[in-house]
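> In case you want the letters, here they are:
There are 2 protein chains.
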Amino acid sequence: MLLRNVFLLLLCLVAVSPSRADDGYRLWLKYDRIANAAERQGYVRVAQFVASPGNTPVLRAASAELTRGLGGLLGQAVPAVPSAGSRTGGIVLRVDAQASAAGQPLKAEGYRIFSEKNNLVITGRTDRAVLYGAFALLRQVQTRQPLAGLNLSSNPRIDFRMLNHWDNQNGTVERGYAGSSIWKWYELPERLDPRYTDYARANASIGINGVVINNVNASARYLSAEYIGKVAALAGVLRPYGQRVYLSVFWAAPKVLGGLATADPLDPQVKQWWAAKSDELYKAIPDFGGFLVKANSEGEPGPQDYGRNHADGANMLAQALGRHDGVVMWRAFVYKAGSDDRFKQAYEEFQPLDGKFDPKVLVQVKNGPIDFMAREPFHPLFGAMPKTPLVLEVQLTQEYLGFATHLVYLGPLIKEVLESDTYAKGPGSTVARVVDGSVDHHALSAIAGVSNIGSDRNWTGHPVGQANWYAFGRLAWDHELSPAAIAREWTRMTLTTEPAAVRTIADMLGQSRSIYVRYTMPLGLHHIMGESIHYGPQPWLAKAGRPDWTAVYYHKADSIGLGFDRTATGSNALALYKPEVQKQWGDARTCPLNYLLWFHHVPWTQKLSTGRTLWNELATRYYTGADSVLWLQKQWLAARPALDPALYADVAARLQTQRKEALWWRDACVLYFQTFARQPIPAPFAPPTRSLADIKQLVQLYQLK
Amino acid sequence: MLLRNVFLLLLCLVAVSPSRADDGYRLWLKYDRIANAAERQGYVRVAQFVASPGNTPVLRAASAELTRGLGGLLGQAVPAVPSAGSRTGGIVLRVDAQASAAGQPLKAEGYRIFSEKNNLVITGRTDRAVLYGAFALLRQVQTRQPLAGLNLSSNPRIDFRMLNHWDNQNGTVERGYAGSSIWKWYELPERLDPRYTDYARANASIGINGVVINNVNASARYLSAEYIGKVAALAGVLRPYGQRVYLSVFWAAPKVLGGLATADPLDPQVKQWWAAKSDELYKAIPDFGGFLVKANSEGEPGPQDYGRNHADGANMLAQALGRHDGVVMWRAFVYKAGSDDRFKQAYEEFQPLDGKFDPKVLVQVKNGPIDFMAREPFHPLFGAMPKTPLVLEVQLTQEYLGFATHLVYLGPLIKEVLESDTYAKGPGSTVARVVDGSVDHHALSAIAGVSNIGSDRNWTGHPVGQANWYAFGRLAWDHELSPAAIAREWTRMTLTTEPAAVRTIADMLGQSRSIYVRYTMPLGLHHIMGESIHYGPQPWLAKAGRPDWTAVYYHKADSIGLGFDRTATGSNALALYKPEVQKQWGDARTCPLNYLLWFHHVPWTQKLSTGRTLWNELATRYYTGADSVLWLQKQWLAARPALDPALYADVAARLQTQRKEALWWRDACVLYFQTFARQPIPAPFAPPTRSLADIKQLVQLYQLK
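Each protein sequence line maps, in turn, to chains R and G.
Residues in the first sequence are numbered from 1 upward in steps of one, following UniProt numbering.
Residues in the second sequence are numbered from 1 upward in steps of one, following UniProt numbering.
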């Protein structure tokens, strides 16, 4: 009878297990009960309690996450206790100043998980390290890895792992496609949206430890007393999850807020204003991270307005931070009109300043020389500023990669950049090793992802956008990880653990970025998207605010051929790279096709390594790229049985839109470039059924007020 | 043993009953199980099934809502069946072309619920009427009214009950404070966010039957073929819930989209363009509702650009709609510079056009002559255009009423306007009866609320904002309802049914708007808020784009007194009203204090009916108003035991902000006006501890880029 009752209890537990549609809010921290009872029991045996001194907010967050996560996964309460005492079969959190792994002392944030007296010990030199270890252990269970006898350790390879929010004070998000900002400025500091905590949990689970909360096109208001109070309230939510708050600053703040006559970095009053402001910030936010600065770029004010240079400005801010433990991240995204090739402008402005920056200054460089195109060669500044720690800035929000309507997993893009070899100190001087400081032995290292997070219920609009947030954090922690492994990991934690479905979806993710490149900007084409909205195709764009905001500036299509000659016969931007790199890209006959039109103006009739002429290869890539979306749809359908129905329907619908718009890109680009190549669409492909004029109207629509 | 098992089953049902925090998404359609078993059983007896022919999408929506709602409330499945047959104790849906109530035929959307052969019959002449009846029956259960022997019927008093969304094509919402737009244009038409359906359910539950989905400052893109496809997809979601889609139109669309040289309403090509566009719209959306137009207002183009008037423009559009069943709602919110008082400008432009409009045209008039102030006299156009059906436009989003941070229930404001007597056809010619058409016997009647809905999880930012959406719908359906009864009804459905808590909260709601008026713009002060953002106080604002965008234009403070003389000795705007109204407001000694400074420039030393001088009364209202927020906090705390903890905390935090900002308003206004009155803050109130200069900085902050 007892059995029968237990059976009944189980019955109704099953009956009430979460049947409601998955709205994506829980991200990869779902913690749904493990369906397989035997599998579950295996974990139960080694996770019967969580022992934590809990003497810091971070440790309390760690044990709370473990009891919540394990409680959900194991379908039974996992109690938190102050210490294991003589108990075994549990998890022990331990901060140990001497903690080491494989004989090496761990980094401050590195963790180790090992077995001791039939308990699993999560240890590290700081409570933050233990927090990261706690999430690592949960990940093991979420991905169904064994815990028994576990012995793993991990150090972050990069110190500052940053999210940059381009969130505006009015609640909009520049280049955001997932609703409005998650920060509710009118409610702060009194109301702390519970969402802030879930955001902090998600960041901590992937090792992100710094958050720039406002747009680099910054408002001065964040530096006002009232807003510092609001920012401090947010910092209080992020702190227990190991994240420090940073602010983007408006260079002219001393004038706008301080009423000074100038913002000249060498002006004593200006220096004093910033020093006083820093003190005010640290009084409110003792662990304030520092400043991110976009200066003398795209109309933002800066030190050059006063005849000073970027180093003058950055160093002044660094000195203003003074004794406080903060840094200045100064963006190198500048392109003053003048030089014949925007590709070279950041290099020309910043490379000569190498060695002139204060030790507290890092220079933040976008992954490529233009602007977050779907594929770019690595930025020539990487490897060219050995005396300056460089921050790698990648974009997670899909400004140029289909907004929130196209399925594009960015892991491979980020990895491609990290693996690029600058040859700065010989072979193996990859961007990753320049950024993590190992090439030039820098004390500071940092990487930044421009957030794709908004107020949409599922945080990122496209459900797969979550994978980009996730992959960035994982690669920021360890750039040796493979994007494919991360894709599988994310899929298991977020969508399904069914092995075939995991393979299918990870395969979709792995292919998705090259598919997008193929139907939008193949062979090294770049910056041919629509004006200002950056959504659809507009290769015919010939007039804009500045020449380098047009498309023709970049593709240089003419009756002879296509592409931007950046060799010695052209802008010679190629010369900014080390000889080994120049060798890779310098010869049109041997240059990898993915970079071909980045560096060469190639005749339409030129035979490529594929055996096709440029025109035929171009058309082929547009057609096969657009048709690959049909493959994505087929794959997604195949995974359907393993997926939550609401989530399946969401992505399936977005894939329909993606297919429609892939055809839009294809038709726009082949019809436009055909007017130069004057050749037919190659067999077996059928020419577009609409005219170039029809297509142009589609794009104009998005420019309408 | 069976008993024991049943007991166990009950146990775990209880154990799993929704314990998660209420995030407000479900609005007033929560359908949580009725806790009291006896009470529940009472309803079970009369709601054992839902019988519906289900032969239309609307009827299917009605029975789906009943089975969902009753299933939740009764804690057991309520099956839907095609017909009752011989069964009793259930609910029967019946469309009956002859349906009547109390001997009177019902209106097309009027419903009746009555008992027949031990079943409850919900009937009406159309399936939409039955849908409204279904929600009315659910409301009975949600508010714990008896069903047995129920016999009620209700007709809507106004035909078109509209929500106007000021949502922009880029996802922002003009004057929206609850996140971004709920419409996801880049996802449409392929993806239909499930949220659209819940939005439609909520509207249907309060009788809203028309939705203008885009901002009156309209983009032309909604009239493009691509966007018409997107709009049609939305219309498909709203249709089963009895709602028609309308579009705000950009007057110059024939030029921008059609490539015409002009948008002159009398130009044959322009007429033809609009006629063709209407045909295109009705082909895609057979029940398209029509157009809303903001023309020649605040920089928008319009017929006056071509020397035509509003009637020329509106009538051209009406004729373009031609044979289609649609209407034109033409906004009277215009105030061309020139006249000495903005108060009079809409009247001067529109009143002379009375009788010149096509029968398909309605003129949409804001509730007051200025712009959605916290309190305004009713707009003088009401009662002054007997030959034209007037739409009453009220604002639900709290542009001038504290955004989403202040608790302000707008029921009393809307009711105050509806009850205002225009004396157009003698006493009792209330705005309500002008609008519902009964004063002038119009064939069409309409009312519009400017939506406060956004993508925030709880739809309206402030949880009590939901009550404003709710109250608007209920009053639009029946303007005889009392705001207090609606507040109780909403509270029971949304927050708690505990009687004392319902009384407490309904009392808070009832007082909240007068409290807001007292600490912001008492005694008829108006338009003294911050420039452009309209949030904080800025009574000192003396320079702006135009004089009537400043504050001093309206309060006219000087050494003698305060207020705008709109009597014969001043702008004489008062003369726009009927003599009986002029009598109410025309004499400063007898004018109700709530309207005093709307019409009179009153000496600081003038004794008012309260026995206090103007200055002392003004200061007293600011101080008592700000202190009343403490009362709101006390009330909310008292209701705490009956409330969901997350919801309690949310509102409690917002009330803290409200208190802080009430003091901000109080200090700003008393310190500023004191510079004119040159009198002390009256006892027992303590002077502000901060200076006017400090306060001014707070507001300037919100104007910073």
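What the hints contain is simulated information worked out from the structure, not anything from laboratory work.
None of the values given here were measured: they were computed from a predicted structure.
Hints are supplied without guarantee of correctness; some may be wrong.
Which copy is meant is left open, so a pair is good if it fits within one copy or across any two.
In the DSSO-like style, the derived pairs of lysine-lysine whose C-alpha atoms are separated by at most 30 Å in a straight line are [unchecked claim]: (1) Lys583 x Lys634; (2) Lys660 x Lys578; (3) Lys543 x Lys705; (4) Lys583 x Lys556; (5) Lys387 x Lys415; (6) Lys387 x Lys30; (7) Lys556 x Lys607; (8) Lys336 x Lys283; (9) Lys283 x Lys660; (10) Lys425 x Lys356; (11) Lys336 x Lys705; (12) Lys696 x Lys271; (13) Lys660 x Lys255; (14) Lys255 x Lys705; (15) Lys660 x Lys425; (16) Lys387 x Lys107; (17) Lys255 x Lys543; (18) Lys660 x Lys543; (19) Lys425 x Lys387; (20) Lys696 x Lys283; (21) Lys660 x Lys556; (22) Lys583 x Lys336.
> Which of the numbered hints are not met once you compare them with the structure shown?
1, 2, 6, 8, 15
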